[in-house]
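Protein sequences appear in the order of chains A and B. The numbers in this note's numbering rise by one with no breaks, and the one at position 70 of the first sequence is 70. The numbers in this note's numbering rise by one with no breaks, and the one at position 21 of the second sequence is 1021.
It should be emphasised that the hints constitute simulated quantities derived from the structure, not laboratory data. On a predicted model such as this, the values are computed, not experimentally measured, just so you know. Just so you know, not all the hints are guaranteed correct.
[To be verified] Cβ-to-Cβ under 8 Å is the rule here; a few derived chain A residues that face chain B:
id, residue
1, I17
2, P40
3, S45
4, L82
Where is the CB? At the ideal position from N, CA and C, for every residue including glycine.
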Amino acid sequence: MVLLITNINKATENLGIFIFPMSAVTTLAPILGFEGHPLPYALGSHVLISITAYSIMGLAAAQAALYAVQERRFQKRQLTTLFKNLPPLQVMEKTLIQMVLIGFIFLSFALLSGVFFLEDIFAQHLVHKTFFAILAWLTYGLLLFGHFRFGWRGQKAAYYILWAYFLLILSYIGTEAILILL
Amino acid sequence: MVISTLAAIISCLLYLFTTRLLWQRFKQDRSPQSEQTFNRSNLLILAIAAATFHLFSFSHNLIIENTISFNLGMGL
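Using the sequences and the hints given, assemble the complete structure.
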């Protein structure tokens, strides 16, 4: 869906070569019979917004990795068929920033809506999650500020996005791991 | 249940077909003639149809009796 939205004003459909097979696999997940966890509307909306933010940032991280490789190969003149068919670097960068911007908005809403469910941060074991999620949010914010204010792009922007996503992953998986270890 | 399973299968097939079309485009040479033979709007229509069926496959399970019911395995 994000790919289709970014495709409105520029030809980014070739990125679908990575996204469509993944989507095909996820569509079959309900048939395998995973059971859902019923949540009240308010908490459910918070989780839904968070999952949307994670998904968009995940796509952005994958694209950032692709963009970094594409740029390096372009400089070394080692473009394979796959990289030759990807959108041009400028379009890739524009799409990447758009995706981060959309994800940043969702992440901001996820953090803001999370505040309403915070009663005792220590008792609810949410310290790690909150800390890393805020750190990821700040990193994304810094990247967007740097991009629009100082023109950060290329490898630098890609690394910021990858580090920010690593922090975001830590906020979820890291918390689960710490809770299991404790 | 049957409708959502059907929607999931149709969506999966459409995604795979779209991937195949894209792969064929990748293998073609980038000459102007080959670009003309490839119909971009067809690809977009297929992708939109796949995304719509994908949405149908999990949307009716999303809201059950005043609760939002989901997990990552729902195809979200």
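These are the hints, each one checked on the structure:
{"no.": "1", "hint": "I17", "verdict": "holds, 5 Å"}
{"no.": "2", "hint": "P40", "verdict": "holds, 6 Å"}
{"no.": "3", "hint": "S45", "verdict": "holds, 7 Å"}
{"no.": "4", "hint": "L82", "verdict": "holds, 7 Å"}
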